[in-house]
Each structure stands twice: as C-alpha cells, then as structure tokens.
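Asks: Below, each chain spelled out in residue letters.
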Amino acid sequence: MIKLTTPISESTIRSLKVGDEVLLTGTVFTGRDAVHKYLHDGGQLPPEVNLREGVLYHCGPVVIKDDQGRWKCVAAGPTTSIREEPYQWQVIRDLGLRGVIGKGGMGDKTLKACQEHGCVYLHAVGGAAQVLAECIRKVSGVYLMEEFGAPEAIWEFQVEDFPAVVTIDSHGGSLHRQIFAQSQAELAKHL
Amino acid sequence: MNLLHDSLLELIRRTSTEIPDDVHRAILASLENERKGTIAASAMKIIDQNIALAKTKSQPICQDTGSIIFYVECPVGFDQMTFTEAARAAVKQATAKGYLRQNSVDSLTGRNDGTNLGPGSPTLHFHQHASDAVSVKLILKGGGCENVGAQYSLPHTGLNANRDLDGCRKAILDAVVQAQGKGCGPGILGVCIGGDRATGYEHSKVQLLRLLDDRNPHPDLARLEQDIVETSNQLGIGPMGFGGKTTLLGCKIGVLNRLPASYFVSVSYMCWAYRRHGVTLRADGTIAGWLY
Ligand code: SF4
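Same order as they appear, the protein sequences are chains A and B.
Heads up: the first sequence at position 67 corresponds to 168 in the working numbering, and the numbers run straight through without jumps.
Heads up: the second sequence at position 240 corresponds to 264 in the working numbering, and the numbers run straight through without jumps.
What the hints contain is simulated information worked out from the structure, not anything from laboratory work.
Source: prediction; values computed, not measured.
No residue lacks a Cβ here, since even glycine has one placed at the ideal position from N, Cα and C.
Please note that the accuracy of each hint is not assured.
Stated by the list, open to error - Cβ-to-Cβ under 7 Å is the rule here; a few derived chain A residues that face chain B: (1) A176; (2) G178; (3) T181; (4) G205; (5) G206; (6) G228; (7) Q231; (8) Q259; (9) V266; (10) I280; (11) E287; (12) L288.
Please model the complete structure; the sequences and the hints are all you need to start from.
Replies: See the structure below:
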C-alpha cells in the first residue's frame with residue numbers, strides 16, 4: 102500500500118506504476134459527464150475548485166443533509182470513466198491533474214495525457230458505494246449545483262485512506278490493455 | 025392493500041441492501057481462492073466489507089440501484105391490477121426512503137421526476153400457476169453490467185461460431201472477454217439459447233432467478249455452464265478486470281425454441297452486486313417466507 106496525500110507532486114506520480122495499490126488522503130473533487138462537457142466547451146471553474154496537482158473523481162454521489170444541515174455522503178462509488186475519454190486529456194492538461202479516479206479504465210488519449218503531463222488513472226472498486234463513502238470524512242463544498250443538479254455537480258470531499266489501484270501510469274503502462282491482450286491470448290488456447 | 029404494500033417495500037429494502045446467501049457464499053469462496061496480497065484479493069476484500077456495511081446500515085449495496093424487475097407467480101383469478109398499484113407505491117416509497125436511487129429518466133427529455141415510476145419502471149412479469157400460493161421475486165439490475173450484455177446471431181464468422189453448442193460456447197466466452205473490467209466483476213451470466221431478440225434477452229434474465237449452486241437438469245447445459253465458469257476463470261481477467269482467478273461466479277443457461285432462420289445467443293451480465301430476493305405471500309399480503 103502506498104499512501105498518497107494531495108496535492109501530489111509530479112515526482113511522486115512518476116514513481117507509481119501499474120498495479121500499485123494506493124490509499125489517498127486529502128481533497129478530491131467529483132466531476133462526471135456534465136462537468137467534462139462544460140470544461141470542454143470552455144466553461145470556467147469557480148476559484149475554490151483548485152485541481153492543480155489534485156485529483157478528480159468520476160462519481161455521482163448520494164449526498165444528504167443531516168439534522169444540523171451539514172452535507173453527508175451516503176454512497177460514493179465510481180462511475181464508468183470511458184464516457185469522459187473524449188475530454189479527459191484536455192482536462193488533465195488544462196487543470197494540471199495528478200490523478201483521475203474512476204472505474205473501467207480509459208483509452209489511449211488519456212494514457213498519452215498521463216504520460217505527457219504526469220498523471221495516473223486510479224481504479225476504485227466498482228459498486229463499493231458504502232466502503233468508499235466511509236472514506237469520505239467531510240463534504241467541504243459543492244459547486245455548479247444549480248447548473249448540473251446533485252449527481253453531476255462538483256463535490257469537494259476530504260477523504261482519508263481512500264483505496265484504489267493504479268491501472269494507467271505515467272509511463273505508458275495500462276493494466277487494462279495488458280489484461281485484455283493476455284485474456285484474449287489465453288482464450289485462444291481454450292477454443 | 026396496505027399489508028401488501030409494506031411487504032413489497034420490505035422486499036425492495038432487503039434486495040437493495042442485502043446480498044442473497046448463495047451469492048455471498050460464492051463471493052467468500054472466491055476471496056479465499058485469490059492469491060493473498062494480490063490486487064484481486066484486495067478488491068474481493070473491499071467487496072466483502074461493502075456487503076457487510078450495507079447490511080448493517082440498511083443502505084444500498086451499490087448506488088446504482090438498477091432496473092426494477094418483479095416476477096410474480098400467482099393463482100388463477102389473482103388481481104394483477106391491485107398488485108401493480110401496490111408495487112408502484114412501494115417503489116415510490118422505497119425511493120423516498122433512499123433504498124432506491126432516483127434512477128429512472130425520461131428517454132426523450134432526460135427528465136428524472138425522482139419517483140422511479142414511468143413507462144417500463146418498474147417492470148412486472150406475471151405468471152399463473154396451478155397453486156394458491158403467491159410468490160414475488162425481485163431483481164435490481166445495475167446499468168454498468170446491463171451495458172455489457174450481448175446478443176449473438178449464429179453463425180458468426182468473426183468468432184467462427186456455428187449453430188451448435190460449441191458455437192454457443194464461443195459466443196458466451198467472447199462476451200466474457202469483451203465485458204472485462206466494465207461490468208463490476210466478478211460477474212454472473214444469464215444466457216438464453218434461441219428465442220427471438222426480445223424473448224432471448226428476457227429469458228436470459230429469468231436465469232438469474234436460479235440459485236448459484238443449482239444444477240441444470242439438462243446434462244448438456246449443465247456441462248456447458250460448468251465449462252464456461254471454469255474456462256472464464258482461467259483467462260486471468262479477475263475481479264474488476266484487475267487480473268486474478270475469479271472472473272465469473274456462475275453461469276446459468278436456458279433454452280427457447282427458435283425459428284429455422286434464427287439462432288440467437290443472448291447474454292445478460294450481472295455484476296457482483298447481485299441484488300435478488302423473493303418472498304411468498306399470505307392471502308392478506310403479509311410475508312410468509314423468504315425464498316433466497
Ligand atoms: S455494474 Fe453493478 S456494482 Fe457496478 S456500478 Fe453498476 S450496479 Fe453497481
């Protein structure tokens with residue numbers, strides 16, 4: 102297990118390789134379909150959303166207000182990342198991301214952006230909504246809620262020991278590509 | 025009406041928050057089976073913790089609470105309209121209580137009214153049988169795994185798959201390889217050989233009502249089911265597509281007649297968050313027993 106704390110330096114990111122298990126602590130911002138499209142179309146983020154050397158999470162959380170009117174995250178599993186493949190490279194480049202959390206992996210454009218700008222793709226366990234919500238210690242803000250609605254808004258989370266696996270590193274490595282090729286070769290032997 | 029409504033609400037709550045025993049046993053067995061210290065073992069451990077946490081907190085196992093599909097077996101003369109009304113009311117209330125996510129979207133306008141009610145949601149299948157008993161089974165099927173379902177029309181040149189059981193095997197294994205990493209594996213396959221494009225998929229989902237450790241009464245299908253699971257687990261795809269030994273937890277295959285001109289193999293993929301429960305009901309609508 103490798104502990105990571107935001108903001109993450111480029112050299113730390115460059116030291117990670119495919120298959121590494123990490124525990125992430127610090128600030129994470131969510132962003133999914135609407136946010137990516139918005140940024141791609143030239144939309145500006147509020148100044149509080151500082152993602153330089155930061156981490157973006159592909160997640161549409163379930164967040165409720167508790168008795169005292171504080172936000173509380175009750176479910177926060179990753180959503181499928183590949184839908185952001187057309188936009189992700191640009192977001193990595195323009196915002197200076199060091200990590201993208203999601204599920205299902207991403208394609209060649211993202212892989213290349215990770216290589217060029219020093220970023221990794223972190224795969225969380227899909228469906229583990231409860232375990233991952235427990236790692237969110239505090240909901241410290243929400244942005245663009247009016248525009249996009251709750252699941253698509255940008256949520257700012259303080260996380261502690263959030264578990265994920267590096268499946269795309271900053272050296273051109275992709276666990277997804279590797280396992281796909283191996284499993285196809287293996288299947289050929291069984292046909 | 026009120027008692028029936030309460031029973032269906034409890035069925036929804038339990039389905040969304042508690043994994044059935046047969047699936048849990050399969051998940052625990054595969055956690056044991058993965059090599060210690062691998063990322064596959066870590067993923068299975070997180071899955072297991074998640075199952076426990078969801079149950080204690082009575083909160084959804086996964087935030088995508090899926091398509092809501094009821095299967096009702098009922099006697100002749102059963103009032104389907106009253107039942108449908110009770111089921112819709114229970115879905116609406118389960119959504120308000122957070123057992124179900126606001127998960128149903130108007131396909132044309134993109135609007136989500138937050139009730140989970142609309143054309144096709146929930147879906148109810150009624151079957152009459154020659155008994156007084158009423159049983160209700162419920163599946164909540166997530167979107168990520170539904171997206172990796174596949175339907176093959178045989179013969180298939182690319183797969184070199186002909187209209188025989190070996191051709192079916194090639195199609196099913198191709199679906200497993202294509203689905204890797206996407207449908208939150210380890211997965212469970214429901215398969216239908218035959219039927220048309222609609223009934224084939226429908227019947228493939230009905231297979232998901234079977235217990236994971238049952239045995240297909242048809243010996244050829246029993247052999248094929250076992251072979252698909254064993255072969256898939258040798259491909260090294262593993263949980264979440266991280267690599268490892270557990271790619272599938274099960275495969276259930278059913279058969280429908282087909283037209284001479286068609287030969288479909290329809291594959292429904294269910295994620296590890298296999299939400300399926302069922303109850304038998306008394307005449308007053310209260311729960312007599314649980315089925316899984
Ligand atoms: S595929 Fe299943 S476990 Fe994964 S996000 Fe969808 S419903 Fe949840």
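Asks: All hints, please: hold or fail.
Replies: Right, here's what the structure says about each hint:
1. A distance limit of 7 Å between C-beta atoms decides the matter here; for A/A176 the minimum to chain B is near 4 Å, and the interface restraint holds.
2. Annotation: interface hint on A/G178 holds; nearest CB of chain B at approximately 5 Å, less than 7 Å.
3. Satisfaction of the interface hint for A/T181 is found here, the shortest Cβ-Cβ separation to chain B being roughly 6 Å, below the 7 Å cut-off.
4. At about 5 Å, the closest approach between the beta carbon of A/G205 and any beta carbon in chain B falls short of 7 Å, and the interface hint on this residue holds.
5. Look at A/G206: its Cβ gets to within about 5 Å of chain B, closer than 7 Å, so that hint holds up.
6. Satisfaction of the interface hint for A/G228 is found here, the shortest Cβ-Cβ separation to chain B being roughly 4 Å, below the 7 Å cut-off.
7. Look at A/Q231: its Cβ gets to within about 4 Å of chain B, closer than 7 Å, so that hint holds up.
8. Below 7 Å, beta-carbon pairs count as interface contacts, and A/Q259 has none with chain B, the closest being about 20 Å; its hint is therefore violated.
9. The criterion of a C-beta within 7 Å of any C-beta in chain B is met by A/V266, whose closest approach is roughly 5 Å, and the hint holds.
10. For the restraint placing A/I280 at the interface with chain B, the shortest Cβ-Cβ distance is roughly 5 Å, inside the 7 Å limit, so the hint holds.
11. With a least beta-carbon distance of about 5 Å to chain B, the hint placing A/E287 at the interface is held under the 7 Å criterion.
12. Residue-level restraint check for A/L288 holds (minimum Cβ-Cβ distance to chain B is 6 Å; threshold 7 Å).
Violated hint for the displayed structure: number 8, the only one.
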